[in-house]
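Visitor: Quick note, the sequences are listed as chains A and B, same order.
Position 112 (the first sequence) corresponds to 112 in the numbering used here; numbering is contiguous.
Offset between the second sequence (1-based) and the numbering used here: plus 1000.
Any given hint might turn out to be false.
[Claimed, not checked] Not everything, but these chain B residues come out facing chain A in the computed CB check (under 8 Å):
hint	residue
1	Val1048
2	Leu1090
3	Phe1103
4	Trp1119
In short, the hints are calculated from the structure, not lab data.
Keep in mind that this is a model prediction, so the values were computed, not measured.
Glycine included, C-beta positions come from ideal geometry on N, C-alpha and C.
Okay, here's what each chain looks like letter by letter:
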Amino acid sequence: MTRRTAIALAALLGLAHTAPSAEYGDVVLNRYSDKAGVRPVVFPHWFHRIRFRCKVCHQELGFKMRAGANDVLMADIIDGKFCGMCHNERIAWGADRCDLCHSGKPGLRSGIIGGAQTSGPGRW
Amino acid sequence: MARHKHSSPRWAATVALLVAAAAIAAPSLWARLEQDGVHDPRGPAIAVLQQPGDALEPLPRDTAGNQVNWVKAIDIGAINPRTNLLPETLVQLRDDDFIIAKFGSMPAVKFPHRQHTLWLACENCHDSLFKAQAGSNKFNMTAILNGEQCGVCHGAVAFPLTECNRCHSVSNASLRRRPAP
Chain A
1 MTRRTAIALA
11 ALLGLAHTAP
21 SAEYGDVVLN
31 RYSDKAGVRP
41 VVFPHWFHRI
51 RFRCKVCHQE
61 LGFKMRAGAN
71 DVLMADIIDG
81 KFCGMCHNER
91 IAWGADRCDL
101 CHSGKPGLRS
111 GIIGGAQTSG
121 PGRW
Chain B
1001 MARHKHSSPR
1011 WAATVALLVA
1021 AAAIAAPSLW
1031 ARLEQDGVHD
1041 PRGPAIAVLQ
1051 QPGDALEPLP
1061 RDTAGNQVNW
1071 VKAIDIGAIN
1081 PRTNLLPETL
1091 VQLRDDDFII
1101 AKFGSMPAVK
1111 FPHRQHTLWL
1121 ACENCHDSLF
1131 KAQAGSNKFN
1141 MTAILNGEQC
1151 GVCHGAVAFP
1161 LTECNRCHSV
1171 SNASLRRRPA
1181 P
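Just chain A, same shape as in the assembly (with noise of 0.2 Å):
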């Protein structure tokens, strides 16, 4: 191997690891708050999962499995549903907490967005 090659592998390498990768599950949240003027949300599945088990936002909450088929609005979570049946200053911070659901870079595209191996080869 000569150092050329060595060099042009390093940086392979370094580059590879040092894109930008959200973490595995993480759901970006933006049909509406690029056009609300706020951050897009970035919802970590990690977080929540080590907190509550998959059944308690997908049965109780109603949350459906497909990123993308909930339509989450602000005033429903105010009003005790979506991620407010938690996000309610009770079990979790309240709904006057914008910018830490608000989190994300303004323009990303919704969806989930995560992958340590695969993003989801299909329609994800």
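Assemble the complex: chain A is given as a structure, and chain B must be docked to it using the hints.
Guide: Just chain B, lined up with the frame of chain A:
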């Protein structure tokens, strides 16, 4: 001797570079929020939100997805996520496995209900994704790769579809020796 002297710096440089590359690749399995390409590094949330590495590092390791073996995390008590918010919610567990065998080029699939009901409610799969009767569902790997069937979760939040052998885990030969049920 002279040849050896000539080649050693080149090899030393190669090794040094590879070690450096490994060091760059090694520091953490999880990107920090401000560097993950998704969170706004200038936003006020960065200082408040939990970093993935802080939460996931103590949990049992895996080689894919979040690099966490989530089922093992519950089994060993590393985490105990809530099963329900409402006291009237029925929390159901089911412990049977079933085998989906097509006797093709891949080993047969073993589907364990236990690991799935540990996390999910029956209604999450039945009957919208799968009929609740063994043998009545037609599984299709292309559909799964396109985010249907098992692919609704596997490839999105559950371990990704690169992990073929975790599902395709039962040798066809072992099944053929048994009489059909």
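Visitor: Could you run down the list of hints and mark each one as holding or not?
Guide: Okay, the hints, checked on the actual structure:
1. Interface hint at valine 1048/B: satisfied, since its Cβ lies 6 Å from the closest Cβ of chain A, which is below the 8 Å cut-off.
2. The closest approach between the C-beta of leucine 1090/B and any C-beta of chain A is roughly 10 Å, which is over the 8 Å cut-off, so the hint fails.
3. Interface hint status for phenylalanine 1103/B: violated, as the beta-carbon distance to the closest one in chain A is roughly 25 Å, over 8 Å.
4. Given the 8 Å rule on beta carbons, the hint for tryptophan 1119/B holds: about 5 Å separates it from the nearest Cβ of chain A.
Checked against the numbered hints given earlier, the structure breaks hints 2, 3 and satisfies all the rest.
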